[in-house]
Amino acid sequence: MAETDVRSNRCSVQMGYVHCFADKVKRFPGLAGRETWKVGKEDPRRVVHSFKVGIALTLVSLLYLMEPLFNGIGQNAMWAVMTVVVVMEFTVGATLSKGLNRGLGTLLAASLAFLTEYIADAPGRIFRAVFIAIAVFIIGTMTSYVRFIPYIKKNYDYGVLIFLLTFNLITVSSYRIDDVWSIAEDRISTIAIGCAICLVMSILVFPNWSGEDLHNNTISRLEGLANCIQVCVREYFNDSEESTCQDDSSEDPIYKGYKAVLDSKTTDETLALQASWEPRYLRYCHRIPWHQYAKVGAALRYFSYTVVALHGCLQSEIQTPKSIRALYKDSCIRLGEEVSKVLRELAKSIRNNRQFSPEMLSNNLNAALQDLNSALKSQPQLVLGSRNSRAINTPIQAVQHHDQKLEEDTRTSLPRVKNIGSSSRLGCRSREHSRELTKKVLRTQLSKAAIVSLEFSEALPFAAFTSLLVEMVAKLDRVMDEVEDLGRMAYFREFEDVENGDKIVVTCEKPKTDIAQNGVPSAGSE
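The numbering used here puts the sequence shown at residues 58 to 583.
Hints listed in this document are in silico derivations from the structure and should not be mistaken for laboratory results.
It is possible that part of the hints are untrue.
[Said to hold, decoys possible] Derived DSS-like pairs (lysine-lysine); straight-line CA-CA distance at most 30 Å:
{"#": "1", "residue 1": "K95", "residue 2": "K109"}
{"#": "2", "residue 1": "K434", "residue 2": "K386"}
{"#": "3", "residue 1": "K398", "residue 2": "K316"}
{"#": "4", "residue 1": "K352", "residue 2": "K316"}
{"#": "5", "residue 1": "K109", "residue 2": "K98"}
{"#": "6", "residue 1": "K95", "residue 2": "K81"}
{"#": "7", "residue 1": "K98", "residue 2": "K83"}
[Claimed, not checked] Ranges between beta-carbon positions, derived for each pair:
{"#": "8", "residue 1": "E528", "residue 2": "K322", "range": "20 to 26 Å"}
{"#": "9", "residue 1": "W238", "residue 2": "G87", "range": "36 to 42 Å"}
{"#": "10", "residue 1": "R103", "residue 2": "A520", "range": "45 to 51 Å"}
{"#": "11", "residue 1": "E124", "residue 2": "I234", "range": "38 to 44 Å"}
{"#": "12", "residue 1": "F85", "residue 2": "R344", "range": "47 to 53 Å"}
{"#": "13", "residue 1": "P336", "residue 2": "W238", "range": "32 to 38 Å"}
{"#": "14", "residue 1": "A253", "residue 2": "L165", "range": "55 to 61 Å"}
{"#": "15", "residue 1": "L319", "residue 2": "S524", "range": "20 to 26 Å"}
{"#": "16", "residue 1": "D100", "residue 2": "K379", "range": "42 to 48 Å"}
Small disclaimer: the values here were computed from a predicted structure and weren't measured.
Using N, Cα and C, we set each Cβ at its ideal position, and we do this for glycine too.
Produce the entire structure from the sequences given, and follow the hints as far as they go.
In structure tokens, the structure reads:
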């Protein structure tokens, strides 16, 4: 009976696995279709790139499929197909980087291999084998070590790898094959054909420029952070409680905004490196400073850490009462709006290739900071006075003072009593009375301290929120400096005040924000 139950349980488990697998198989086409549609909808250029790769592979396959071309190239036509598969990338910069690295690596390796073959072929076959082994060892060791150099690793790692592969193929095969020159010639020609097809398809047919992607990504991140700050400040002073109780951070637009900035380091560096290979120039024949875009991204990541902390104030378990927050609502919202306005102005400057006016932006920020500073001074309810701090420190001191007073009273009253029994009873009563008074005083003082501590803990989140707003303004200077350097290096157009109709020549100097001793910046400039 027990064995039958065990077998039935096993059969039921196996049937459950079968049904689960069958259900996954049924759902797979729908999931695959939705995911495929999602990828193409996010960036339609991916669909175009896929067709470009298919066309390039079809063209290069003609070298192997058509009889006249195959007779001219032979079996080495497959190297052209391999080159297209490896070199063809999404952007022009990545394709140029891989194509030029592959071509130069193959050419240099073939030249060195023929030099090695020329030296080793003179004395005899035994010396030739020993010399080839030594050459392979030396070249392999040196190239492998060179790949660890940061500059080579960053820019020419693929070329060094192709150099090492081609050198070993030609040098080692030359020991058994006499006509090695024809092999090297065919390899170089097929690789050149494959690289040429990749470059034509990448540059001339719907090109995707790495520099353009880096340019647009920088603008979108600036605008995304501006929206994050604006929404974050407004939600903090919102009357509804839903804004402070969001648990699903993955669906939070604020979280998505600064997460895109925090995760941008690798993407920015890769796009900047690929863009440096692209033949794109500014007016006056100056190259675009793509590395400066990477520095702007680094400044944005440094700035976004404060936005993360500011977002954490919304999700804090202890919140400042709305009555206190309402006193400073207008000043904080104005400061947040000014910070968002500065970020949008920087994004607009990069989009239009036009310099901005640091003086105007700094003046508006200083005015908003002065407004917040005045609000904090005129409404001191947030800052707990010294009276509360003394109340927190008084319970133990009051109890100790009361105990000393009781001891003095008992010492002075005991000698006046002549009866020993009455004196002992009086001492016991006095000690009991002392304990009761001590408990009463301690409870009263601790209850006051608890109330003060509760008020102080409720005020701390708003104090942190205000300090983060001020810290955000201080870190914004670094972002403005990097964008200003980008405008100077990229020869952006001069700033023009459209409202006043005046043309303002922007200089590199920018007024700095003065931070007072109380931690709140003042409205002056040096």
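The hints, checked one at a time:
no.: 1; hint: K95 to K109; in the structure: 20 Å, holds
no.: 2; hint: K434 to K386; in the structure: 14 Å, holds
no.: 3; hint: K398 to K316; in the structure: 20 Å, holds
no.: 4; hint: K352 to K316; in the structure: 18 Å, holds
no.: 5; hint: K109 to K98; in the structure: 18 Å, holds
no.: 6; hint: K95 to K81; in the structure: 20 Å, holds
no.: 7; hint: K98 to K83; in the structure: 24 Å, holds
no.: 8; hint: E528 to K322: 20 to 26 Å; in the structure: 22 Å, holds
no.: 9; hint: W238 to G87: 36 to 42 Å; in the structure: 57 Å, violated
no.: 10; hint: R103 to A520: 45 to 51 Å; in the structure: 48 Å, holds
no.: 11; hint: E124 to I234: 38 to 44 Å; in the structure: 26 Å, violated
no.: 12; hint: F85 to R344: 47 to 53 Å; in the structure: 49 Å, holds
no.: 13; hint: P336 to W238: 32 to 38 Å; in the structure: 33 Å, holds
no.: 14; hint: A253 to L165: 55 to 61 Å; in the structure: 19 Å, violated
no.: 15; hint: L319 to S524: 20 to 26 Å; in the structure: 21 Å, holds
no.: 16; hint: D100 to K379: 42 to 48 Å; in the structure: 44 Å, holds
Going through the hint list in order, the structure does not satisfy hints 9, 11 and 14.
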